[in-house]
Every structure is written in C-alpha cells, then in structure tokens.
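J.: In our numbering, each residue's number is its place in the sequence shown (first place is 1) plus 24.
Possibly wrong hints are sitting among the right ones.
[Stated by the list, open to error] Computed cross-link-like contacts, DSS-like style, restricted to lysine-lysine with a CA-CA straight-line distance of at most 30 Å:
1. 171 / 191
2. 126 / 171
3. 126 / 191
Everything labelled a hint here was simulated from the structure, so no lab data went into it.
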Amino acid sequence: MLDVPRLTAPPRHAPSRSGPARPGPSRPGPTVPAAGGPGVKRHGFAEIAAGAVVLLAAVLFLAYAVTNSGRSAAGGGLVLTARFDRIDGLAAGADVRIAGVKVGSVTGQRIDPATFLAVLTLNVDQGLHLPEDSSAEITSEGLLGGKYVALVPGGSDRNLASGGEVKITQSAVSLESLLGRFIFSVTELAGNQAQRAGSGSPAPAPAAAPPAAGAAPAARPPAAGRPR
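Construct all of the structure, not just a fragment, from the sequences and the given hints.
T.: Right, dumping it as structure tokens:
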C-alpha cells in the first residue's frame, strides 16, 4: 500500500491584545513664509527704511560741514597766502579770525622748497576788503586752547586781491620753549646764589651817596697827634 502524506494546516496566530499600532502626535515644524507673503514684505520695507535713514543722516552731515567751513562748496572766497617760520600745532581747517570773529579757515599748508618756510593758504569771506599792509599772526585760545590765524587789518588804501600774499606775519610762539627758558633762568639764578653763599665773602658795602648840590662839604676828622 502506498503511504499518502498528510496535509497539515498552518498554525493560526492569535490576534494581538494591544491591537494595531497607532501613529503618535506629530510636532509642527517651523513656518516658512511663502514668497511674496506679508512677512517677506515687512522685512524688505524695514531694510529700505534703514537705508534711507542712513543716507539722510549722511546728507545732513555733509551740509553741516560745508556750512560751517567758512566757505561755500564751490570754494568761493578770498584766497590768500602767508609765510611763517613755524606753525606749531596749526592744522588745516583752523579758523581765520579778525578781532576774535571767524572770517575764514586754513585750507592748506606746505613748505617752500627755496626758503623752507611754512606757507599757509587762507580762504576768507569774499566781502572783506583787507588792506595790503595787513598782518597775520598765529595765536591760541589760552594755554590749552587750539591755535588759529589772527588777521590784523592795516591802514593802506590798496586792498589785497584774491591770490595775494600777507607780507607781515608773526610765527607761533612755542610754549615748550618759553617754559624751558624760564626753568633755565631760575636754575642759573639759584646756582649763583648758592655759590656766593658757599664762598663766604661778605657783600661789598654800598657806596656813599654824593653830596647834594649846594650843601656844605662834610668836616674832616682831625689828624691824630695834632693839638686842637
């Protein structure tokens, strides 16, 4: 007899008690504004406004600088030159004043290669009529103040034209040089007094004053050994 194999059914799996897995709650991601949305428009407007404010501030600063430079933006004014031995502490842009009132500014400085003098270029108000014998001196506002060029008008009938030169000038006084001379003088005087005190020599007696005009001569003392 032929053996007939038995067919067995596959085992049945019991259903899971927990049931099918449920998906958990999803976390929302960052919101990206769409192109052309309100967020992008507000950001672009803020950048444009900030740029406009910076540009306006630059224009206002330039206008203020031109207004207070003592000359117009086109460089109009009376241009003069003046030569000095030294201009210690005076820089381009310093004031040019008459009687303490600002009438212009220093627009340039250079060295004359022939004379080695400092040449200043001054730009003063066009309406000023400065005589030809006017003078210029470099002075300062006190010990710690800034230096400026002071113009002193002369009395000539002829006036300086634009491009002319102020012939009479007085250079800047060096404060350090004055202090050095003062200290040297005080030190030398103190040394002389100490030397005299150390030598022990008495001071010379003052000379007798001459008799007044018309006064009788003083009587001479009698000679020793002579009877009166």
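J.: Now tell me if each hint is right for this structure.
T.: Each hint, compared with the structure:
1. 171 / 191: Distance ~20 Å between residue 171 and residue 191 Cα, so the pair holds.
2. 126 / 171: holds, 13 Å
3. 126 / 191: holds, 21 Å
The earlier numbered hints are all upheld by this structure, with none contradicted.
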